[in-house]
Amino acid sequence: MAEVILHLTIPAESWRHIRDTVLGQYIKGSLILVFGTATLSILLGVSSAWLVACCKFPGRKFFEWALILPLAIPTYIAAYSYFDLLDKLNPLLIWIRLNISTEVMILISDVIVYPMTIIVLASVLYPYVYLVARAAFTQQSNQFIEAARTLGHGPHSTFWRTALPLARPAIVGGVSLVIMETLNDYGAVKHFNIPTFTTGIFRTWLSIGDLPGALRLAACLMVLILFLLVLEKWLRFGAKFHNNSQSDQSFKPYELNQKKSFLAIICCLFPLVIGFILPLSRLVYWASQTVENVFDSTFIILTFNSIAIAAAASFITVMLAVFLTFTTRYFGSRTINATNRLAILGYAVPGAVIAIGILLLAKQVNQATGWIMTGSLSMLVLAYIVRFLAVAWQPIDSGMERHCEQINNASRSLGVTAIQSLTNINIPLLRNALVTAGLFVFVDTMKELPLTLILRPFNFETLSTKTFDLAQQAQIPESSVPALCIILVSLLPLIWLNLQIRNTEK
Amino acid sequence: MNVLTLQNVTKSYNYNEPPAVNNLSFSCQSGEVVALIGGSGSGKTTLLRIIAGLEAPDCGEVILNNNILNSSTVFVAPEKRNCGLVFQEYALFPNKTVRQNIIFGKGATDDPSWVNELIDITGITGLEQRFPHELSGGQQQRVALVRALATRPLLLLLDEPLSHLDPELKESVRTELLKLFSKSKTTVVFVSHDIEDATAMADRMVVIHKGEAEQIGTSDEIYRNPINKNVARLFGKTNFIPIELIPNAPYSFTEKESNEKVVPVRPHQLQVINDSTNNLPKFTGKVKSVLNHGAYKEVEFKTTQFSLTLHLPKNLSVQADSKFTIGYNPEL
Chain Z
1 MAEVILHLTI PAESWRHIRD TVLGQYIKGS LILVFGTATL SILLGVSSAW
51 LVACCKFPGR KFFEWALILP LAIPTYIAAY SYFDLLDKLN PLLIWIRLNI
101 STEVMILISD VIVYPMTIIV LASVLYPYVY LVARAAFTQQ SNQFIEAART
151 LGHGPHSTFW RTALPLARPA IVGGVSLVIM ETLNDYGAVK HFNIPTFTTG
201 IFRTWLSIGD LPGALRLAAC LMVLILFLLV LEKWLRFGAK FHNNSQSDQS
251 FKPYELNQKK SFLAIICCLF PLVIGFILPL SRLVYWASQT VENVFDSTFI
301 ILTFNSIAIA AAASFITVML AVFLTFTTRY FGSRTINATN RLAILGYAVP
351 GAVIAIGILL LAKQVNQATG WIMTGSLSML VLAYIVRFLA VAWQPIDSGM
401 ERHCEQINNA SRSLGVTAIQ SLTNINIPLL RNALVTAGLF VFVDTMKELP
451 LTLILRPFNF ETLSTKTFDL AQQAQIPESS VPALCIILVS LLPLIWLNLQ
501 IRNTEK
Chain P
1 MNVLTLQNVT KSYNYNEPPA VNNLSFSCQS GEVVALIGGS GSGKTTLLRI
51 IAGLEAPDCG EVILNNNILN SSTVFVAPEK RNCGLVFQEY ALFPNKTVRQ
101 NIIFGKGATD DPSWVNELID ITGITGLEQR FPHELSGGQQ QRVALVRALA
151 TRPLLLLLDE PLSHLDPELK ESVRTELLKL FSKSKTTVVF VSHDIEDATA
201 MADRMVVIHK GEAEQIGTSD EIYRNPINKN VARLFGKTNF IPIELIPNAP
251 YSFTEKESNE KVVPVRPHQL QVINDSTNNL PKFTGKVKSV LNHGAYKEVE
301 FKTTQFSLTL HLPKNLSVQA DSKFTIGYNP EL
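Chains Z and P, in that order, give the protein sequences. Residues in the first sequence are numbered consecutively from 1, following our numbering. Residues in the second sequence are numbered consecutively from 1, following our numbering.
You may find that some hints are simply not true.
[Said to hold, decoys possible] Here are the computed lysine-lysine pairs in the DSBU-like style, where the Cα-Cα straight-line distance is at most 30 Å: (1) 261/P / 302/P; (2) 56/Z / 106/P; (3) 80/P / 260/Z; (4) 259/Z / 261/P; (5) 252/Z / 80/P; (6) 96/P / 210/P; (7) 183/P / 237/P; (8) 302/P / 259/Z; (9) 302/P / 56/Z; (10) 229/P / 282/P; (11) 229/P / 185/P; (12) 237/P / 185/P; (13) 261/P / 170/P; (14) 80/P / 106/P; (15) 210/P / 183/P; (16) 106/P / 252/Z; (17) 210/P / 286/P; (18) 210/P / 252/Z; (19) 96/P / 56/Z; (20) 96/P / 252/Z; (21) 297/P / 282/P; (22) 302/P / 314/P; (23) 260/Z / 229/P; (24) 261/P / 288/P; (25) 282/P / 314/P; (26) 282/P / 256/P; (27) 96/P / 233/Z.
[Stated by the list, open to error] Some, not all, of what chain P presents toward chain Z, calculated at C-beta under 7 Å: (28) 103; (29) 105; (30) 106.
[Said to hold, decoys possible] Okay, the calculated beta carbon distance ranges per label pair: (31) 427/Z / 41/P: 39 to 49 Å; (32) 111/P / 164/Z: 22 to 32 Å; (33) 133/P / 331/Z: 40 to 50 Å; (34) 65/P / 257/Z: 36 to 46 Å; (35) 262/Z / 41/P: 57 to 67 Å; (36) 133/P / 273/Z: 36 to 46 Å; (37) 133/P / 416/Z: 52 to 62 Å; (38) 185/P / 262/Z: 42 to 52 Å; (39) 298/P / 164/Z: 29 to 39 Å.
It is worth saying that the hints were derived from the structure and are not from the lab. Keep in mind the model is a prediction, meaning the values are calculated, not measured. Beta carbons: idealized from backbone N, C-alpha and C, even for Gly.
Use the sequences and the hints to build the structure in full.
Listed below in structure tokens is the structure:
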């Protein structure tokens with residue numbers, strides 16, 4: 001970030017042109033996508049979370065874990081799986097051109113891509129909201145629901161007036177992740193040809209070759225993100241509602257009658273179908289048609305590349321996160337805590353912005369030492385660490401808070417050193433949290449596209465870049481093979497995470 | 001007129017275990033304050049939740065104001081019962097201010113003067129804009145009470161209303177509660193494990209043990225004429241002396257298990273006798289141990305047949321192994 005801000009002083013000749021012509025489109029496109037995707041994700045995530053957490057209907061246990069599955073599908077792969085959706089509208093557009101006017105047809109074809117993209121993005125991003133909302137509803141003290149009921153409020157009123165306001169801070173947290181992912185997306189918006197800040201940065205920098213212009217766009221994007229972070233903080237005001245309730249009464253889900261059960265199943269099935277079953281089945285179908293053309297020795301190499309770099313990035317990120325959380329909690333230093341907070345902001349920064357920052361840093365290192373770091377794997381791993389440190393930090397920090405605080409105090413009073421405490425006590429106790437953190441980073445790295453596209457060494461392909469390249473060459477059926485590999489690799493950790501979450505909730 | 005009637009209510013959670021509530025029946029008159037008293041796990045809270053509609057009984061009927069709330073064919077949802085429930089942990093919504101909590105109930109805004117009066121009576125004026133975590137335990141309890149009463153419920157249910165308060169605060173809250181109950185003319189059923197709270201506040205008590213109503217009556221009736229050892233012990237340590245040794249005792253009961261008739265004798269009903277002409281039933285023995293309680297001395301006294309617990313005046317000099325005669329005075 002510092003690199004991006006420092007380089008803003010470089011004169012940008014084309015900035016005036018960008019500002020007067022495309023900046024408005026980027027702002028409009030980004031805001032429409034953010035607002036639409038966030039709204040639809042809330043609708044899908046909160047409604048399914050409420051049904052799964054608080055109602056009893058056939059298939060509830062299945063939906064409980066199945067609704068997480070769309071997380072395994074990266075946004076760009078979801079977009080490719082629906083690539084022909086717009087084509088289906090062509091007869092309608094032709095009819096409009098012939099019977100109304102060409103202008104109306106152009107207007108509709110320009111506008112229609114927004115709801116399409118929003119549906120595609122929300123269908124795979126809603127699990128961020130679903131997961132936190134489900135946890136919030138499940139962990140809510142049953143007494144609040146019972147209190148509302150004894151005060152005369154039925155299930156609907158209880159949901160709107162009690163359960164939802166109490167879950168608000170958690171839901172806002174989930175929505176902010178959806179927004180960050182939307183702003184980070186490059187593949188899907190590029191596919192549907194929507195002007196956003198990310199596509200703008202790529203176009204200005206890589207197509208026009210105007211780095212100062214791209215830097216200014218990145219700065220504008222960061223201002224928008226900063227505004228969203230402040231908004232999130234404000235909306236999560238009182239995030240830890242001081243709940244003194246000691247009640248251990250488990251929540252008794254509402255028994256739904258046959259008609260309502262049917263509606264609940266439809267409500268849970270809808271996001272699962274559009275976010276997972278439909279894209280996956282289309283990809284499987286295409287893969288069965290094209291696997292012979294795509295699957296060769298180079299495919300094995302790029303699979304190995306993806307797994308190896310994701311494993312390296314997740315291992316280093318987890319180690320760094322352990323070190324940072326441990327030093328903060330063990331020494332109780334405010335300075336370390338503040339720097340940690342700053343470090344984990346990387347997750348809010350879109351991949352394209354991090355990529356620019358890392359490249360500028362590599363240039364500085366190059367100038368100072370003569371080492372050519374640009375286009376090296378180490379820079380790519382560093383970028384992954386910057387972007388995904390927060391992903392590893394969260395489960396490790398909360399695990400440390402739960403398990404290690406008092407034990408560390410005890411070990412200090414027994415004269416044990418910090419390193420001994422870390423290796424003999426904290427790491428064994430945090431085994432589950434470490435695996436969870438590692439899997440999170442692994443999955444995110446496997447799926448990451450913008451960073452990999454910009455920072456990868458020459459001729460270094462991963463599953464995500466291969467999927468993107470094939471899709472760009474209009475070989476979408478062929479791109480389904482690497483896309484399916486990403487989904488399959490991402491699915492296994494998701495199943496593990498789901499089991500962990502269920503155990504925690506129990 | 002009966003406001004609440006329970007008939008043969010039974011509730012089991014696990015069919016391999018004895019029922020949490022077993023064939024329990026009782027009723028409440030309008031404006032009456034009834035305590036459900038019993039040890040932990042006795043089923044009293046389950047019973048309260050059944051009345052509130054938060055649990056469905058396996059069988060039996062719950063009737064409120066002549067309306068059947070539970071039967072084999074009827075189940076009225078909690079929100080339609082018009083029963084206010086004050087939870088043990090108060091369950092104040094942490095995201096709402098005191099005022100918002102109070103007016104949350106259906107119909108609570110219909111009569112603002114009633115709400116203001118409740119706020120006034122309970123002394124929480126000025127706290128309306130605070131959040132629950134900014135209140136003390138006693139204040140939270142009052143807010144929960146006002147919230148439940150603001151909807152003018154037919155029946156007010158309280159789950160261990162005084163269990164979180166320190167002894168000093170308990171005294172004043174008890175008085176406040178009684179004032180509030182009489183002012184609102186509400187019928188009240190409350191759960192307590194503390195006999196002192198129940199005695200101080202309730203017009204009648206239902207003693208519950210293993211899910212069954214062992215005895216129903218006023219606190220005085222239950223204190224003087226407990227139906228079994230378990231009920232007698234609710235009021236503290238009790239000696240059980242065979243009736244043959246005190247044939248003229250005013251009250252005795254037959255123990256189910258041993259089929260033995262015994263007289264419940266409170267420790268303070270036994271006194272040291274120096275005058276041999278005294279007509280009280282007498283027991284001679286020696287002191288085994290003495291425990292000083294400040295206001296009195298608790299003495300373990302052993303006769304040739306059994307042990308007795310006595311409460312003797314603090315100024316009486318008693319030492320272990322000292323021998324004397326004690327007499328039973330039922331008038332004390």
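A quick look at each hint next to the structure:
no.: 1; hint: 261/P / 302/P; in the structure: holds, 21 Å
no.: 2; hint: 56/Z / 106/P; in the structure: holds, 26 Å
no.: 3; hint: 80/P / 260/Z; in the structure: holds, 20 Å
no.: 4; hint: 259/Z / 261/P; in the structure: violated, 61 Å
no.: 5; hint: 252/Z / 80/P; in the structure: holds, 18 Å
no.: 6; hint: 96/P / 210/P; in the structure: violated, 39 Å
no.: 7; hint: 183/P / 237/P; in the structure: violated, 36 Å
no.: 8; hint: 302/P / 259/Z; in the structure: violated, 72 Å
no.: 9; hint: 302/P / 56/Z; in the structure: violated, 62 Å
no.: 10; hint: 229/P / 282/P; in the structure: holds, 22 Å
no.: 11; hint: 229/P / 185/P; in the structure: violated, 35 Å
no.: 12; hint: 237/P / 185/P; in the structure: violated, 36 Å
no.: 13; hint: 261/P / 170/P; in the structure: violated, 38 Å
no.: 14; hint: 80/P / 106/P; in the structure: holds, 10 Å
no.: 15; hint: 210/P / 183/P; in the structure: violated, 35 Å
no.: 16; hint: 106/P / 252/Z; in the structure: holds, 22 Å
no.: 17; hint: 210/P / 286/P; in the structure: violated, 37 Å
no.: 18; hint: 210/P / 252/Z; in the structure: holds, 24 Å
no.: 19; hint: 96/P / 56/Z; in the structure: holds, 28 Å
no.: 20; hint: 96/P / 252/Z; in the structure: holds, 23 Å
no.: 21; hint: 297/P / 282/P; in the structure: holds, 20 Å
no.: 22; hint: 302/P / 314/P; in the structure: holds, 20 Å
no.: 23; hint: 260/Z / 229/P; in the structure: violated, 52 Å
no.: 24; hint: 261/P / 288/P; in the structure: holds, 26 Å
no.: 25; hint: 282/P / 314/P; in the structure: holds, 22 Å
no.: 26; hint: 282/P / 256/P; in the structure: holds, 27 Å
no.: 27; hint: 96/P / 233/Z; in the structure: holds, 19 Å
no.: 28; hint: 103; in the structure: violated, 10 Å
no.: 29; hint: 105; in the structure: holds, 4 Å
no.: 30; hint: 106; in the structure: holds, 3 Å
no.: 31; hint: 427/Z / 41/P: 39 to 49 Å; in the structure: holds, 41 Å
no.: 32; hint: 111/P / 164/Z: 22 to 32 Å; in the structure: holds, 28 Å
no.: 33; hint: 133/P / 331/Z: 40 to 50 Å; in the structure: violated, 30 Å
no.: 34; hint: 65/P / 257/Z: 36 to 46 Å; in the structure: violated, 28 Å
no.: 35; hint: 262/Z / 41/P: 57 to 67 Å; in the structure: violated, 41 Å
no.: 36; hint: 133/P / 273/Z: 36 to 46 Å; in the structure: holds, 43 Å
no.: 37; hint: 133/P / 416/Z: 52 to 62 Å; in the structure: violated, 36 Å
no.: 38; hint: 185/P / 262/Z: 42 to 52 Å; in the structure: holds, 47 Å
no.: 39; hint: 298/P / 164/Z: 29 to 39 Å; in the structure: violated, 56 Å
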